[in-house]
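S.K.: Construct all of the structure, not just a fragment, from the sequences and the given hints.
Top line first, the protein sequences correspond to chains L and X.
Taking my numbering, I'd label the letters of the first sequence as residues 1 to 114.
Taking my numbering, I'd label the letters of the second sequence as residues 115 to 231.
No lab work stands behind these hints, which were simulated from the structure alone.
Accuracy of the hints is not assured; some may be wrong.
Claimed, not checked - Partial pick of chain X residues on the chain L-facing surface, computed with a CB cut under 7 Å:
| hint | residue |
| --- | --- |
| 1 | G157 |
| 2 | E158 |
| 3 | L159 |
| 4 | D169 |
| 5 | S209 |
| 6 | A211 |
| 7 | K218 |
What the hints assert, rightly or not - Not the full set, but computed from the structure, chain X residues with beta-carbon under 10 Å of chain L:
| hint | residue |
| --- | --- |
| 8 | D136 |
| 9 | T145 |
| 10 | A195 |
| 11 | T220 |
To be verified - Keeping only pairs whose Cα atoms sit at most 30 Å apart, straight-line, the calculated DSS-like set for lysine-lysine is:
| hint | chain 1 | residue 1 | chain 2 | residue 2 |
| --- | --- | --- | --- | --- |
| 12 | X | K117 | L | K42 |
| 13 | X | K230 | L | K42 |
| 14 | X | K117 | L | K57 |
| 15 | L | K42 | L | K83 |
| 16 | X | K184 | L | K83 |
| 17 | X | K152 | L | K78 |
| 18 | L | K57 | X | K152 |
| 19 | L | K42 | X | K152 |
| 20 | X | K117 | L | K78 |
| 21 | L | K57 | X | K184 |
| 22 | X | K130 | L | K57 |
| 23 | X | K230 | X | K130 |
| 24 | X | K117 | L | K83 |
| 25 | L | K57 | L | K83 |
| 26 | L | K42 | L | K57 |
| 27 | X | K130 | X | K152 |
| 28 | X | K184 | X | K230 |
| 29 | X | K152 | X | K117 |
| 30 | L | K78 | L | K57 |
| 31 | X | K152 | X | K230 |
| 32 | X | K117 | X | K184 |
| 33 | L | K78 | L | K42 |
| 34 | L | K42 | X | K184 |
Where is the CB? At the ideal position from N, CA and C, for every residue including glycine.
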Amino acid sequence: EPEVTQTPSHQVTQMGQEVILRCVPISNHLYFYWYRQILGQKVEFLVSFYNNEISEKSEIFDDQFSVERPDGSNFTLKIRSTKLEDSAMYFCASSTQGARTEAFFGQGTRLTVV
Amino acid sequence: AQKVTQAQTEISVVEKEDVTLDCVYETRDTTYYLFWYKQPPSGELVFLIRRNSFDEQNEISGRYSWNFQKSTSSFNFTITASQVVDSAVYFCALSEAVYTNAGKSTFGDGTTLTVKP
Numbered sequence: 001e002p003e004v005t006q007t008p009s010h011q012v013t014q015m016g017q018e019v020i021l022r023c024v025p026i027s028n029h030l031y032f033y034w035y036r037q038i039l040g041q042k043v044e045f046l047v048s049f050y051n052n053e054i055s056e057k058s059e060i061f062d063d064q065f066s067v068e069r070p071d072g073s074n075f076t077l078k079i080r081s082t083k084l085e086d087s088a089m090y091f092c093a094s095s096t097q098g099a100r101t102e103a104f105f106g107q108g109t110r111l112t113v114v
Numbered sequence: 115a116q117k118v119t120q121a122q123t124e125i126s127v128v129e130k131e132d133v134t135l136d137c138v139y140e141t142r143d144t145t146y147y148l149f150w151y152k153q154p155p156s157g158e159l160v161f162l163i164r165r166n167s168f169d170e171q172n173e174i175s176g177r178y179s180w181n182f183q184k185s186t187s188s189f190n191f192t193i194t195a196s197q198v199v200d201s202a203v204y205f206c207a208l209s210e211a212v213y214t215n216a217g218k219s220t221f222g223d224g225t226t227l228t229v230k231p
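M.R.: Next up, the structure:
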């Protein structure tokens, strides 16, 4: 069964460093997303991406964050100059038809900023 | 603005009991989609069901059933004869489809279900 895969599963980084979280969405999906879940809290939308551009972003997704689809398969989230409060589980998701279909989520990358 | 409320933070039941997880949503759109996801202790998000705003039919899938009522803006989830493996955090989510087709989802705070043997 096709699935969204994320790497790494866990990343520890020092405050101020840049991190790149990687995702391989399901191959025939056209819409891609990043969500964040701070430990024990709700899942929060960060950004959606369609047709090689950001279609929507939340207020959390400020200039510290960027997304990219560098090739036909990967979808990355870059966090510049990480802060302690960026520590969270980051989920990548993809869907075939945006809001009309369910998003399939990856297993998540747990980011720990120390 | 869209909002999802899951008033039950934690529920604990004994195996084989039935349990209902409540979800109330707010939206100004006439076209929207509702979802339930399960997050087991391993942390991944598992899709359970999707409902669009024009389909109020209740749905049953094995021990799971969903009751969608537009009149009360609710989309409740019932597990019949609960099992220990049902222990997880359950999230209700809402996507609006007016401004973009991108499908940004707003999640509720989640309900932690513990099923004791």
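S.K.: A separate judgement is required for each hint: does it hold in the structure or not?
M.R.: Each hint, compared with the structure:
The restraint placing X/G157 at the interface with chain L holds, with a minimum CB-CB distance near 6 Å, inside the 7 Å limit. Satisfaction of the interface hint for X/E158 is found here, the shortest Cβ-Cβ separation to chain L being roughly 5 Å, below the 7 Å cut-off. Interface hint status for X/L159: upheld, as the beta-carbon distance to the closest one in chain L is roughly 4 Å, under 7 Å. Taken as an interface hint, X/D169 does not check out: its beta carbon lies about 12 Å from the nearest beta carbon of chain L, beyond 7 Å.
Taking 7 Å as the C-beta contact cut-off toward chain L, the hint placing X/S209 at the interface holds, the least distance being around 4 Å. Hint status for X/A211: holds, given a least beta-carbon distance of 4 Å to chain L, under 7 Å. Residue-level restraint check for X/K218 holds (minimum Cβ-Cβ distance to chain L is 5 Å; threshold 7 Å). With a least beta-carbon distance of about 16 Å to chain L, the hint placing X/D136 at the interface is violated under the 10 Å criterion.
Below 10 Å, beta-carbon pairs count as interface contacts, and X/T145 has one with chain L at about 8 Å; its hint therefore holds. With a cut of 10 Å, the hint placing X/A195 at the interface with chain L is violated, because the nearest CB-to-CB distance is about 25 Å. Taken as an interface hint, X/T220 checks out: its beta carbon lies about 7 Å from the nearest beta carbon of chain L, inside 10 Å. At roughly 12 Å between alpha-carbon atoms, X/K117 and L/K42 fall within 30 Å of each other, so this suggested pair holds.
Restraint check for X/K230 and L/K42: the C-alpha separation of about 24 Å stays at or below 30 Å, so the hint holds. Simply put, X/K117 and L/K57 have alpha-carbon atoms about 17 Å apart, close enough for the 30 Å limit, and the pair holds. Of the pairs offered as hints, the one joining L/K42 and L/K83 holds, with about 20 Å between alpha carbons and a cut-off of 30 Å not exceeded. With a CA separation close to 42 Å, the supplied pair X/K184 and L/K83 exceeds the 30 Å bound.
The hinted pair formed by X/K152 and L/K78 meets the criterion: a straight-line CA distance of about 27 Å does not exceed 30 Å. The suggested pairing of L/K57 with X/K152 holds, with an alpha-carbon distance near 24 Å, which does not exceed 30 Å. Distance hint between L/K42 and X/K152 is fulfilled; the C-alpha atoms sit about 12 Å from each other, no more than 30 Å. Annotation: proposed proximity of X/K117 to L/K78 holds, straight-line Cα distance about 28 Å (limit 30 Å).
Restraint check for L/K57 and X/K184: satisfied, since their Cα atoms lie roughly 28 Å apart, inside the 30 Å limit. With a C-alpha separation of about 42 Å, the suggested pairing of X/K130 with L/K57 is violated against the 30 Å cut-off. Proximity of X/K230 to X/K130 is assessed by CA-CA distance (about 9 Å); at most 30 Å being required, the pair is judged to hold. Simply put, X/K117 and L/K83 have alpha-carbon atoms about 28 Å apart, close enough for the 30 Å limit, and the pair holds.
Between L/K57 and L/K83, the direct Cα distance comes to roughly 20 Å. Compliance with the 30 Å bound is thereby established for this hinted pair. In summary, the hint linking L/K42 to L/K57 is supported, as the alpha carbons are separated by about 17 Å, within the 30 Å threshold. Among the hinted pairs, X/K130 with X/K152 is consistent with the structure: their alpha-carbon atoms are about 19 Å apart, no more than 30 Å. Between X/K184 and X/K230 the alpha-carbon distance is near 33 Å, which puts this suggested pair outside the 30 Å criterion.
Only pairs whose Cα atoms come within 30 Å are accepted, and X/K152 paired with X/K117 is accepted, the gap being roughly 19 Å. Restraint check for L/K78 and L/K57: the C-alpha separation of about 14 Å stays at or below 30 Å, so the hint holds. Among the hinted pairs, X/K152 with X/K230 is consistent with the structure: their alpha-carbon atoms are about 18 Å apart, no more than 30 Å. A C-alpha spacing of about 15 Å is found between X/K117 and X/K184, which places the hinted pair at or below 30 Å, so the restraint holds.
Pair hint L/K78 plus L/K42 holds up; C-alpha atoms about 21 Å apart against a cutoff of 30 Å. Our distance criterion of 30 Å between C-alpha atoms is met by L/K42 and X/K184, whose separation comes to about 24 Å.
Checked against the numbered hints given earlier, this structure breaks hints 4, 8, 10, 16, 22, 28; the rest are met.
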